[in-house]
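> Listed below are the residues making up each chain.
2 protein chains.
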Amino acid sequence: MPPPFIDLVKTLPASVPFVGPETQERQMGKPFRARIGANESIFGPSPKAIEAMRQAASDAWMYCDPENHDLRHALAAHHGVSPDNIVVGEGIDGLLGLTCRLFLTDGIPVVTSAGAYPTFNFHVAGFGGTLNTVPYRDDCEDPDALLDAANEHGARLIYIANPDNPMGTVHDAETIQRMIDNTPKDALLCLDEAYIEFADDGTAPAIDIDNPNVIRYRTFSKAYGMAGARIGYAIAEKNLAVAFNKVRNHFGVNRIAKAGACAALADQAYLKAIQQKVIDARAKISDIAAAHGLHALPSQTNFVTIDCGKDGDFARRVLGSLIDQGVFARMPGVAPMDRCIRITVGRDEDLAIFADALPKALMAAETE
Amino acid sequence: MPPPFIDLVKTLPASVPFVGPETQERQMGKPFRARIGANESIFGPSPKAIEAMRQAASDAWMYCDPENHDLRHALAAHHGVSPDNIVVGEGIDGLLGLTCRLFLTDGIPVVTSAGAYPTFNFHVAGFGGTLNTVPYRDDCEDPDALLDAANEHGARLIYIANPDNPMGTVHDAETIQRMIDNTPKDALLCLDEAYIEFADDGTAPAIDIDNPNVIRYRTFSKAYGMAGARIGYAIAEKNLAVAFNKVRNHFGVNRIAKAGACAALADQAYLKAIQQKVIDARAKISDIAAAHGLHALPSQTNFVTIDCGKDGDFARRVLGSLIDQGVFARMPGVAPMDRCIRITVGRDEDLAIFADALPKALMAAETE
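Residue numbers (this note's numbering), protein chains in the order written: chain D, 16 to 383; chain Y, 16 to 383.
Think of the hints as simulated: they come from the structure by calculation, not from any bench.
Wrong hints could be hidden among the right ones.
Straight-line distance between alpha carbons at most 20 Å, and here's what the computed SDA-like set of lysine to any residue pairs gives [as the list claims (entries may be wrong)]:
no.	chain 1	residue 1	chain 2	residue 2
1	D	Lys299	D	Ile368
2	Y	Lys299	Y	Gln315
3	D	Lys25	Y	Pro227
4	D	Lys253	Y	Met16
5	D	Lys25	Y	Asp121
6	D	Lys287	D	Ala92
7	D	Lys25	Y	Gly122
8	Y	Lys287	Y	His93
9	Y	Lys292	D	Lys25
10	Y	Lys63	D	Ser73
11	Y	Lys253	D	Ile21
12	Y	Lys325	Y	Lys292
Taking beta-carbon pairs under 8 Å as the criterion, some of the chain Y residues facing chain D (in silico) [stated by the list, open to error]:
no.	residue
13	Val24
14	Thr38
15	Gln39
16	Met43
17	Gly44
18	Ala53
19	Arg69
20	Ala75
21	Tyr78
22	Asp108
23	Gly169
24	Ala202
25	His265
26	Ile271
We put the beta carbon where it would ideally sit given N, CA and C, even for glycine.
With the sequences and hints as input, model every part of the structure.
See the structure below:
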C-alpha cells in the first residue's frame, strides 16, 4: 500500500505547463529546423557570460554561495535598491512558486488573466489557491478588470505580465503605476517583467521599494539569453524579500549560472546590441506576416504574435503545419487570442525557414 | 499594509540550514585556506563532465528538456530500472522539499534522528509537518528506534541517510533492507544515499522498484563532484515518481548541469579513481587525528568525523580555532555527537593545512 498524498496533491492534474520542444522532436523523430517557440534568445548570452560559465564549470564542485552575495549586490546597484530587496532564485518560475507558497493555502483567491502565463497558474493550483480569471481586452491584459476582480474575490495575489506573454502587448508606466497604487492593501501585485528589457525605455514604472504590495520579477532567461541556466530575481520590499529565506532552497542556485549572471549583468553593451537585434527581427517577422496578408501585433518582447485572421481551429492548423515543417512555435491557448500564432525572434536563417514555411502552413490550413 | 503570509509561514523561523563558507569568509575578511567543510568533492568533477559543461555554456540560451529524457534514460540503465522510476531534480535538497510537499501538511508526523540532515527538517517545517526525533545510537542512526517512533507517532515520512551525515557511519544492506521491509504501509522511508558511492560495495540494498514505501535519493553533488551544479535524482516506484510531475518546476533543471551529469555518469572510471582518492584521504585524516591522540570514526563517506575526546564546548572551540586559522570545517550539532568535528577529504595540500592547524586548535581549545 502506498503512503497517501495530501488531499491537495490528489486534486492536482498530472498536466505540465508546457510541452518542451525536445519532447516534440522525439515524437516526430527529427529535430526542429528553427527553434523559435519558447521565447528563448537564440542570439545567446553575452560572450563574457559564456566565458564566465565556462570558467565556472571547473568550480562546479563547490556549492554556490547561498546568499548569492555578489549577484545580489550587483543587482542592487543596477536597480538602485538595497541588496536586502533582491531575492535571487531559480528563474521566475521558481520565484513564482515560492511566492505562492508564502501567500496561498486552501482556497485563498488569486486573480490573473485567462490565457496569461500558465506556470503561475500551475503554482497557484499546486499550493491550493483558487484561481479567478478575467478576459484580455483588445489583446492586452486588463488592469482595471484585474483590480475589480481582486476586490470582488478578495484576492491575495494578482498576476500581470508587462510586457505581456503570449500577446507581446504592453501597458505604459502610468497604467502600471496606477495598478500598483490601486492594489488592495491586503494583496500582492505579482508584476512579471520577464520581457521588460525588450520594451521601450520608460515602460517600467519607477521602483518604490518600500511598497509591500508589489513584487517585480526579472530574469536572465530572456534578454540576457540564459534560459537554460535557471536564474532570475525578484525586487521586493525588505520584509517580503527576507521572508523568501524561510522557504527557499538556500543552496538551490547553480554556481555556474550565478557566475554567468554576474558577467551578463556587467555587459550592458551586449544587452543593448541584443535589444537592437530583437527590434530588427520583430520587424522582419511582421514583414513576413504582411507578405501573406497577415497582421502582426505590435510587440515589445522578443516574440511577435501574428493574427492568422480566422478562428482558433485555423490557427492551430497553421501551427501544426509549421511544426510539421520543422518550425518550433507556439500559440495562445485561449480565445479569441488563439486566432494567433506566436513566433520568437530569430536570426536571419531562422526567419528564412519561417518565411518559407508560413505560406505552406497557411495553404495547408485552408485546405485541410 | 503588507499582504499577510499564510499562518504556517508566520511560524517559520528565518533561520537557514547551513551558513555558507562564503558568508564566513566575508565576516572574517579573508578567504579560507582549505575548504574542507561542506563535503564537497575538492577533486572536482570528471574532466569529461567539465568539458560537457563548458560546451553546454554556449547552449545556455535554451531551456533544458523538461523531461530530462537522456539523463533519466541513462540513470535508468545504470540502475536497471525504468526511466519512469527516475525523478531528476535540483539536488537532493530540492527533491526532499518536493517529497515533503507531496506528503505533508498541518501537523502530519515525521520521524528523523536528532542531529541528522537539517535541510530535511527545514522542509518538514516548511510544509507544516511535525518533526519527531530519536537519538543516534553509538554514533549511528538507529533504524529500530526510527521505526518504533514511526509506529508510535503514525509518521508519514521517515528519514535516514546511509551512509550517515554528519557521522560517516553506515549500516549494512541487510539492516537497511530490514528497515525497508518494516516500514509502516502508510509511510514512506526517505533513504538518503547521497554518500553511497563512497561506501563499500554491497552497502546499498537491491532496488525493489515496485515498493511504494521507500524512495532513494542520489546526487551528482558528492562523488561526482558537482555540488554547485544542483542536480540529483530520486529512484521511486512509478506512481510516486510520476506524482512529482504535479509539483516540480518542469523547467527547473539547469541545462549545463544536465549535460555535466550525463557525462559524469558515463565516466565510471573517473568515479572509481575518486573513490580510491577518498579512501586514501580518509586514512590520512585518521592518521592526522591519531598523531594528536584523537580517534577518527570509521567513515564510508567523503568526510571523517573526529572525536575530540571531550564535550561539545571543547569541540566547538577546536572548530572555532580551525576556522580562525583558515580551515573551513563543520561539526555535528547535537550531543553527544558534538564532541566531534567533521573534516571533508581533501587533496594533500588541504590536509597539510589541516595537519598544521589541528594541534594549534587543540592547544587553543585546552587553554581558552
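> Each hint should be assessed against the structure and marked as holding or not.
Results of checking the hints against the structure:
1. Restraint check for Lys299(D) and Ile368(D): satisfied, since their Cα atoms lie roughly 12 Å apart, inside the 20 Å limit.
2. Of the supplied pair hints, the one linking Lys299(Y) and Gln315(Y) holds, its CA atoms being roughly 14 Å apart against a limit of 20 Å.
3. With a C-alpha separation of about 16 Å, the suggested pair Lys25(D) and Pro227(Y) falls inside the 20 Å cut-off, and the hint holds.
4. Restraint check: the Cα-Cα separation between Lys253(D) and Met16(Y) comes to about 13 Å, which is no more than 20 Å; the hinted pair holds.
5. With a CA separation close to 16 Å, the supplied pair Lys25(D) and Asp121(Y) stays within the 20 Å bound.
6. About 19 Å separates the Cα atoms of Lys287(D) and Ala92(D), which keeps this hinted pair within 20 Å; it holds.
7. Taking the CA atoms of Lys25(D) and Gly122(Y), the gap is near 18 Å; set against the 20 Å cutoff, the hint holds.
8. Under the criterion of a C-alpha separation no larger than 20 Å, the hint pairing Lys287(Y) with His93(Y) is consistent with the structure, at around 15 Å.
9. About 46 Å separates the Cα atoms of Lys292(Y) and Lys25(D), which puts this hinted pair outside 20 Å; it is violated.
10. A C-alpha spacing of about 11 Å is found between Lys63(Y) and Ser73(D), which places the hinted pair at or below 20 Å, so the restraint holds.
11. For the hint pairing Lys253(Y) with Ile21(D), the CA-to-CA distance comes to about 18 Å; that is within 20 Å, so the pair holds.
12. A hinted pair counts as satisfied when its Cα atoms are at most 20 Å apart, and Lys325(Y) with Lys292(Y) does not qualify at roughly 30 Å.
13. For Val24(Y), the interface hint holds, since its Cβ comes within 8 Å of a Cβ in chain D; the closest pair sits about 5 Å apart.
14. Of the supplied interface hints, the one on Thr38(Y) holds, with its beta-carbon coming within about 6 Å of a beta-carbon of chain D, less than 8 Å.
15. Violation of the interface hint for Gln39(Y) is found here, the shortest Cβ-Cβ separation to chain D being roughly 11 Å, above the 8 Å cut-off.
16. About 14 Å separates the beta-carbon of Met43(Y) from the nearest beta-carbon of chain D, more than 8 Å, and the hint is not met.
17. Proximity of Gly44(Y) to chain D is violated relative to the hint, the smallest CB-CB distance being about 14 Å (cut-off 8 Å).
18. For Ala53(Y), the interface hint holds, since its Cβ comes within 8 Å of a Cβ in chain D; the closest pair sits about 6 Å apart.
19. With a least beta-carbon distance of about 5 Å to chain D, the hint placing Arg69(Y) at the interface is held under the 8 Å criterion.
20. The beta carbon of Ala75(Y) comes within 5 Å of a beta carbon in chain D, closer than 8 Å, and the hint placing it at the interface holds.
21. Restraint check, Tyr78(Y) versus chain D: the minimum CB separation of about 5 Å is within 8 Å; hint holds.
22. A cut of 8 Å between beta carbons decides the hint on Asp108(Y): the least distance to chain D is about 5 Å, and the hint holds.
23. The criterion of a C-beta within 8 Å of any C-beta in chain D is not met by Gly169(Y), whose closest approach is roughly 11 Å, and the hint is violated.
24. Annotation: Ala202(Y) was flagged as interfacial toward chain D, and the flag holds, the nearest CB pair being 5 Å apart, inside 8 Å.
25. Because the closest C-beta pair between His265(Y) and chain D is about 5 Å apart, less than 8 Å, the hint holds.
26. For Ile271(Y), the interface hint holds, the least distance from its beta-carbon to any beta-carbon of chain D being 5 Å, beneath 8 Å.
Hint violations for this structure: numbers 9, 12, 15, 16, 17, 23, all remaining hints satisfied.
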